[in-house]
Amino acid sequence: MAKHFQTLRHDVWLPYKFAVGPTFHRFYEGLKEEKILANQCPKCGRILVPARTFCPTCYVDMGDWREVAQEGEVVSWSLAHDEFFGMPVDPPFIGALIRLDGTDCNFLHLIGGLDLSNQDTVRGKIRQGARVKAVWSDEKTGHLLDIKYFQPV
Amino acid sequence: MGRAVGIIGTGQTRHGSRFDVTYPDLVREAVQAVFEDAGITPDDIDGVVSGTMPSMMEGVALTHFYFADAMRSVGKPILKTETCGSTGVSLALTGYYWVASGMADMVLVVGSEKMHEGDSQATMTTVAEPFYQRFFISGAPGVFSMQSQMWMARYGIPEDKLRDAAAKVSVDHHRDALDNPYAHIKKAVTMDEVKNAKVITYPCRLWDICPNSDGACAVIFACEQKARKICQRPAWIKGIGYRGDEYWFGDSDKVVWQGAIEAAKEAYGMAGITNPRKELDVAEVYNPFTFQELLYYENFGFCDFAQACDYTLKGTFARGGELPCDPSGGTLCTNPIGATGLIRVAEAAMQVTGKAGDHQIEGAGLALAHAMGGVDQFNGIMILGSQL
Amino acid sequence: MVTFDKKGNPIIEAEVRIPYELAVGPTWYRFFEGLKQEKIFATRCPKCNRVLVPARSFCPRCFVDMEQWVEVSQEGEIVAWVLTDYEYFGIPIRPPFIGSLIHLEGTDCTFNHLIGGFDLSDLDTVRKKVKNGMRVKAVWEKEKKGHILDIKYFEPL
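Taken in sequence, the protein lines are chains A, B and C. Note that numbering that gives the first Met the number 0 has the first sequence beginning at 0, numbered continuously upward. Note that numbering that gives the first Met the number 0 has the second sequence beginning at 0, numbered continuously upward. Note that numbering that gives the first Met the number 0 has the third sequence beginning at 0, numbered continuously upward.
Since the hints were derived computationally from the structure, they do not count as laboratory data. For clarity, every value in this text was computed on a predicted model and none was experimentally measured. It cannot be assumed that every hint is accurate.
As the list claims (entries may be wrong) - Under the rule of at most 27 Å between Cα atoms (straight-line distance), these lysine-lysine pairs were calculated in the DSS-like manner: (1) K16/A / K160/B; (2) K38/C / K197/B; (3) K264/B / K313/B; (4) K42/A / K354/B; (5) K354/B / K277/B; (6) K35/C / K127/C; (7) K160/B / K38/C; (8) K127/C / K38/C; (9) K197/B / K130/C; (10) K185/B / K16/A; (11) K313/B / K16/A.
Stated by the list, open to error - Derived coverage of chain C by chain A (criterion: at least 3 residues anywhere in the stretch with Cβ under 8 Å from a Cβ of chain A; other residues may be distant): (12) 17 to 23; (13) 104 to 117.
By construction, the Cβ of each residue, glycine as well, lies at the ideal position given by its N, Cα and C atoms.
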């Protein structure tokens, strides 16, 4: 017979209030206008998205802001089936690293706009190097999910 | 014992309510400041030590990962240490051990907290388990109030005298903070205001208790050879001590507090100090609560047990007294928990190297830094001197 | 979604809600079953002979198993107390309340619990009434859940 051990169920519920800072704020405002904003390091010249406060390589404040392309290549992707705390949308969904044209780092977002119920169909449609393009939500709140997902072109 | 180690630079943020920046940017403010103070670049650093309160505080689970770019720790060995309120001194000890061992020549140590982003009391009550102790520790104020209460009863200290001594501590430190450009609370208070303020956990009232602060502190530890080459006046580590207590709050005495006494003894032994009140020039004691600060004077041997109130009321431990304590205003005026203990170390280093600006204690050559963690669970001490 | 604080700083308000399921273990289990029967259990260390409450699985100083269970007195002396008048996560009951360290007769440590059974609204009255060294006795809830608060509070004798 299986042994039953007593357990104590206990939820920890904590409220947080995060400072957004001027960089993320400006980036979010860009999303509301259907723009993806990046900025450029004045030292190494790399263009990073989302825009950053400082260049992680050079440690200097980032320079000029610019709008970048909303299209790019899939670098890597993963199909998620199970629910977890902090998930962006209900599963199944595809998390992906995308290299937007003209940028120097990979951008994390979702790939969607296709039937995700069958793993094998998905594998056929999505591969490294596939081109994808941003599809926007109708309602914008200044959130990364104002971009609904990136759809295969 | 290990080789000699010195502090060659310190950096602090403007502590307070920092909703103007995200957490990594706040950390970068302190890190940029320490590199500027030390006059070296991140490439010279061999390893990084980072620490904060448990991840529940800001809701981001892996802070040393979150700050990797801000601390320039990418591509370097990194250690995280966390001992609640004494984190800052544990960070300093970790940096010291690393360099003293010979396994690194220069180590960057960073402590930080962004308390306004989370629920600090909730984080602190989760320090204890939910079977028993979590219900009764009443957040941090409850535990320290009980400790002060026990002390008063043990030695028959008249309540009025204790209240006056604690109020003087509050008045003195709030005034001291006005001379500290980094301090959070900059508001002078009077004895009457302190004694009649709102009760939080009796006997502690509003002005007996530290604020919730956002802030970061960074310190660079270097081996003797590099320190003498790079820095005109290093602050040398003369003594260290650390002790942890039992988990169960009711199991040991927190008045004649062996953990605090032994940590101090270990540090004094290493530094060759036999009469702390006479030999130390300044002490940055961890003081989130005025009453508890008085008890530390006794446990660290600055005076005998039951005498802290008398010495305090005479002015012995104020600026201008025999042993100025917390001329920076201390934890009472600035408390970003993960950074606080390290700020005590940084302030002690600033004092013995003549860099404390408007709150400099003239001619300071030997300084004590201390921090306490948990619900009266950890005590750590570092003694710094201008001479090796 | 970004909102703004009083100073105009952009902020994001979010909550983290994490469910936990802790193993109770045989020691806490037996202690809580004892509370259901209005008994307070301690364990005695075979090496140092100390009696520790709540019951422990091992002696923190000798590091040996503590297998001898002892029912202890429900009366004792107040060693420390604090009147708490603010709210926080994990609070045992609505404030104001008195948290306390109590030395139960026959034990070798102090026990965390509440002091109650009288009006706590006026600080001066409380200060005159509650003193270190004062004797108190456990008062039980009618309905028990196998929880530390099955003891409602300790009442001054």
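Here is how each hint holds up against the structure:
Restraint check for K16/A and K160/B: not satisfied, since their Cα atoms lie roughly 41 Å apart, outside the 27 Å limit. Distance restraint check for K38/C and K197/B: the Cα-Cα separation of roughly 39 Å exceeds the 27 Å cut-off, and the hinted pair is therefore not satisfied. Pair hint K264/B plus K313/B holds up; C-alpha atoms about 26 Å apart against a cutoff of 27 Å. Restraint check: the Cα-Cα separation between K42/A and K354/B comes to about 33 Å, which exceeds 27 Å; the hinted pair is violated.
The hinted pair formed by K354/B and K277/B meets the criterion: a straight-line CA distance of about 22 Å does not exceed 27 Å. For the proposed pair K35/C and K127/C, the alpha carbon gap of about 33 Å is over 27 Å, so the pair is violated. Taking the CA atoms of K160/B and K38/C, the gap is about 42 Å. The hint is violated against a cut of 27 Å. A threshold of 27 Å between alpha carbons decides the hint, and for K127/C with K38/C the separation of about 31 Å lies outside it, so the pair is violated.
Our distance criterion of 27 Å between C-alpha atoms is met by K197/B and K130/C, whose separation comes to about 22 Å. The hinted pair formed by K185/B and K16/A meets the criterion: a straight-line CA distance of about 24 Å does not exceed 27 Å. Restraint check: the Cα-Cα separation between K313/B and K16/A comes to about 44 Å, which exceeds 27 Å; the hinted pair is violated. As drawn, the stretch 17 to 23 of chain C meets chain A at 7 residues by the rule of a beta-carbon pair under 8 Å; at three or more, the given contact holds.
Counting residues of the stretch 104 to 117 of chain C whose CB lies closer than 8 Å to any CB of chain A gives 0, so the stated coverage by that chain is violated, three being the minimum.
The structure shown violates the earlier hints numbered 1, 2, 4, 6, 7, 8, 11 and 13.
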